[in-house]
Amino acid sequence: MMKKQLNAAIVLLGAGLLLAACSDGGMTTTSSSAPADDTTTGANGTSDNPDAWSGYKTAIATTQAMNDDEFENPGMPYVDQAAGIWDEPAGASGLSCASCHGAVDDAAGGALRIPMKGVGATFPRLDADSGKPINVELQINKCRVGQQYASPFKYESDEMLGMTGLVRKQSNGMPVISTAGDPEDELHTAWQAGKEFYYQRRGKLDMACKHCHEDNAANIIRAETLSQGQSNGFPTYRFKWQKPGSLHRRFRGCNKNIRSTPYGYGSDEYLNLETYLAWRGRGLQVAAPAVRK
Amino acid sequence: MAKKPRVKVPKTAAKGDMINIKTLVSHKMETGNRKGKDGKKVPRMILNNFKVTFNGAAVFGADMHPAVSANPYIAFFMKAEKSGTFNFTWTDDSGKTMSTSADMAVS
Numbered sequence: 001m002m003k004k005q006l007n008a009a010i011v012l013l014g015a016g017l018l019l020a021a022c023s024d025g026g027m028t029t030t031s032s033s034a035p036a037d038d039t040t041t042g043a044n045g046t047s048d049n050p051d052a053w054s055g056y057k058t059a060i061a062t063t064q065a066m067n068d069d070e071f072e073n074p075g076m077p078y079v080d081q082a083a084g085i086w087d088e089p090a091g092a093s094g095l096s097c098a099s100c101h102g103a104v105d106d107a108a109g110g111a112l113r114i115p116m117k118g119v120g121a122t123f124p125r126l127d128a129d130s131g132k133p134i135n136v137e138l139q140i141n142k143c144r145v146g147q148q149y150a151s152p153f154k155y156e157s158d159e160m161l162g163m164t165g166l167v168r169k170q171s172n173g174m175p176v177i178s179t180a181g182d183p184e185d186e187l188h189t190a191w192q193a194g195k196e197f198y199y200q201r202r203g204k205l206d207m208a209c210k211h212c213h214e215d216n217a218a219n220i221i222r223a224e225t226l227s228q229g230q231s232n233g234f235p236t237y238r239f240k241w242q243k244p245g246s247l248h249r250r251f252r253g254c255n256k257n258i259r260s261t262p263y264g265y266g267s268d269e270y271l272n273l274e275t276y277l278a279w280r281g282r283g284l285q286v287a288a289p290a291v292r293k
Numbered sequence: 001m002a003k004k005p006r007v008k009v010p011k012t013a014a015k016g017d018m019i020n021i022k023t024l025v026s027h028k029m030e031t032g033n034r035k036g037k038d039g040k041k042v043p044r045m046i047l048n049n050f051k052v053t054f055n056g057a058a059v060f061g062a063d064m065h066p067a068v069s070a071n072p073y074i075a076f077f078m079k080a081e082k083s084g085t086f087n088f089t090w091t092d093d094s095g096k097t098m099s100t101s102a103d104m105a106v107s
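Protein chains in written order, with my numbering: chain A, 1 to 293; chain B, 1 to 107.
Just chain B, with the same shape it has in the complex (with noise of 0.2 Å):
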């Protein structure tokens, strides 16, 4: 049982709304510049990357460096259009993504 990424999204929403999208991604974020108990550096491993589209047209990206802290929180602000499904991607250095969606309805 893996720990699930974490994802914000009002269900419904006003045409013209400004909302407040917030997610929450548990990772180690392993920054390559820690040595372990061998003395050596333990290998970088950090999410990357950040997508996120809606109805499949991206609306917020993000590339994440290695002083991002473990357990990401992102959020963002975007003005709600019309109703639709948000999916949320992130990569991290192996090429493993984990994702998430949301649907939210615009009256």
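Only chain A is shown next, with the shape it has when bound in the complex (with noise of 0.2 Å):
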């Protein structure tokens, strides 16, 4: 039944434009079941949830390496960038990064006592002033209007992805955390809805995200190799973007690669999904910024 559906979306998309973007591998793999086990690569999910695997795994060995080598991954000057913002008084309130939290990798956490190391693994969470998940992008400008009365980054911006990236990258290697498919966990219902998107057919297409990262994860599709969709390495640096891109921009690109109308950057829909893709991902290691395909 699947694999009908899956040709004749293959059918409808000649030009191949889709698929080219729905994967994030390589083309090392032929094999239907997920890639082999490599414990060294972090790339495998923990004992509660042995089946995650990484996109990593499938992305071949040249961009693996450009990912592993800290100098090689082109993410890394954005990290950088942001590593300078992380230092710089910004808005009214006179106030940097660093003011508060002290240096990104202070393990104190300087004066409020919130290390940036293993904040990124945790995330969304709940944020209590307004009921909705949140995730690392939104806490930055939260604290950026709320904490420095500076203008908030734009969301796809070059600041907000260093940024995203610098407070992820201090968790990397920490299994991602999420207990929001506990029904008494304060992110279930979050979770609930990411579900519902998660296994809604949309689109001109009228697939979900299942039809391709679940039931068809690590099979070819066309020249690629779909993936688990893990959102563990965001924000990822992709070859085809030429710079990193948020979790949200992944979203969007799958949703208008079936032919479905995009969520905004920072929606409510969004976040019910990331929430829910955190959960799927629990305990493979934050690994950003990823670089893949």
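Be aware that one or more of the hints could be misleading.
[Said to hold, decoys possible] No farther apart than 27 Å at their CA atoms in a straight line, the calculated lysine-lysine pairs in the DSSO-like style are these: (1) Lys154(A) with Lys37(B); (2) Lys293(A) with Lys3(B); (3) Lys3(B) with Lys28(B); (4) Lys154(A) with Lys3(B); (5) Lys8(B) with Lys28(B); (6) Lys240(A) with Lys82(B); (7) Lys82(B) with Lys256(A); (8) Lys96(B) with Lys15(B).
[Said to hold, decoys possible] Computed spacing ranges between beta-carbons, pair by pair: (9) Asp106(A) with Val59(B): 33 to 41 Å; (10) Ile85(A) with Ala102(B): 17 to 25 Å; (11) Gly109(A) with Ala62(B): 42 to 50 Å; (12) Ala75(B) with Gln242(A): 14 to 22 Å; (13) Tyr73(B) with Gln147(A): 30 to 38 Å; (14) Phe71(A) with Asp93(B): 54 to 62 Å; (15) Asp93(B) with Ile60(A): 27 to 35 Å; (16) Pro66(B) with Glu70(A): 27 to 35 Å; (17) Lys28(B) with Phe71(A): 37 to 45 Å; (18) Val106(B) with Gln242(A): 36 to 44 Å.
[Claimed, not checked] Covered by chain A, per the in silico footprint, the following chain B stretches (three or more residues, Cβ under 8 Å): (19) 16-26; (20) 69-77.
Because the hints were derived from the structure by calculation, they are not lab data.
We put the beta carbon where it would ideally sit given N, CA and C, even for glycine.
Since each chain comes alone in its own frame, lean on the hints to assemble the complex.
Written out as structure tokens, the structure is:
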């Protein structure tokens, strides 16, 4: 049944525009099961969630090398730029990020005693003010507007991508933590909505996230290997984009590929989906900024 | 706050060592072949030249053309003979330059 739909989709996509963008992987694997176990890369899920694997595993060796080498990683100039912004006072408050949080890699966490290490692995969290999930991007802007009295970063701007990368990078190697699947969890409502989104058919091609990323993960679709669509490496530098991009940009790309109208950056729909995806990828190691095809 | 060029030069090296120097610079490298939303070609804006000097003498250079990707990464090898300072300069089509420097001590 599913095969048929995918085939139909492939016919529709004669130009191959969609599928190229649907995959994070390279061309190294032709197997129809998840790629072989490799515990050294940290690209596998943990015992809690053993079937999860990061798109890192299906990237070709040269891409992986670029991902791993902090110098060669083309997402790093953005992170470096953000490291400069971290120390720069902004807005009417005259405060910089460092004024409250200390140095970004400060284990004590500066005056607020909130070290950045580990923070990136726990988002999205519940924003007590709005009662909705909040991700790293929106939290950064909340700080900028609420604490620094500065203008918020544009969602997909270099500054925002770099700052998100900088914060997330502090948690590199730590497992993604999400308990949103627990009915008692404060994010469970968002998780539920995200799950519905994930399994909801949409767009002209009438496909849901799960048709590629659950039923056919690691399968070849035209020349591309489908990933599980995990969020552990975002913001991710994609060669296609020639710059880093946020998770929501990726969502929008996927939505466009199946001919459905994308939602806005930072929209409730995507925040719910992000919450659900973090849960699907719990236990995977944070690896930002990742490099993908 | 602009994005700074990144260079990786060994801080110290033994005389006669073959050292690897890596550079990465952030640039959109607009090829001039792409059409914008208005259907008109987006004007070319690439880094067209890269120069490395060591204590003032040229040691490496490259002319770049539109096929070079955005954020070009360039690495090269050289033999460490004496201590000194590397200067790296990238020039783009508008004549703007980006530069950075790094020191190396040879023992």
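Here is what the structure says about each hint:
1. Lys154(A) with Lys37(B): 21 Å, holds
2. Lys293(A) with Lys3(B): With Cα atoms ~23 Å apart, Lys293(A) and Lys3(B) stay inside 27 Å; holds.
3. Lys3(B) with Lys28(B): 12 Å, holds
4. Lys154(A) with Lys3(B): 17 Å, holds
5. Lys8(B) with Lys28(B): 21 Å, holds
6. Lys240(A) with Lys82(B): At roughly 42 Å apart (the allowed maximum being 27 Å), Lys82(B) and Lys240(A) break the hint.
7. Lys82(B) with Lys256(A): 56 Å, violated
8. Lys96(B) with Lys15(B): 36 Å, violated
9. Asp106(A) with Val59(B): 33 to 41 Å: 39 Å, holds
10. Ile85(A) with Ala102(B): 17 to 25 Å: 23 Å, holds
11. Gly109(A) with Ala62(B): 42 to 50 Å: 44 Å, holds
12. Ala75(B) with Gln242(A): 14 to 22 Å: Given range 14 to 22 Å: holds, Cβ gap about 19 Å.
13. Tyr73(B) with Gln147(A): 30 to 38 Å: At roughly 37 Å between Cβ atoms, Gln147(A) and Tyr73(B) fall inside 30 to 38 Å, so the hint holds.
14. Phe71(A) with Asp93(B): 54 to 62 Å: Violated - the Cβ-Cβ distance for Phe71(A) and Asp93(B), about 26 Å, lies outside 54 to 62 Å.
15. Asp93(B) with Ile60(A): 27 to 35 Å: 32 Å, holds
16. Pro66(B) with Glu70(A): 27 to 35 Å: This hint holds: roughly 29 Å between Cβ atoms.
17. Lys28(B) with Phe71(A): 37 to 45 Å: 21 Å, violated
18. Val106(B) with Gln242(A): 36 to 44 Å: 37 Å, holds
19. 16-26: holds (count 4)
20. 69-77: holds (count 4)
Going down the numbered hints, you'll see the structure goes against 6, 7, 8, 14 and 17, while the others check out.
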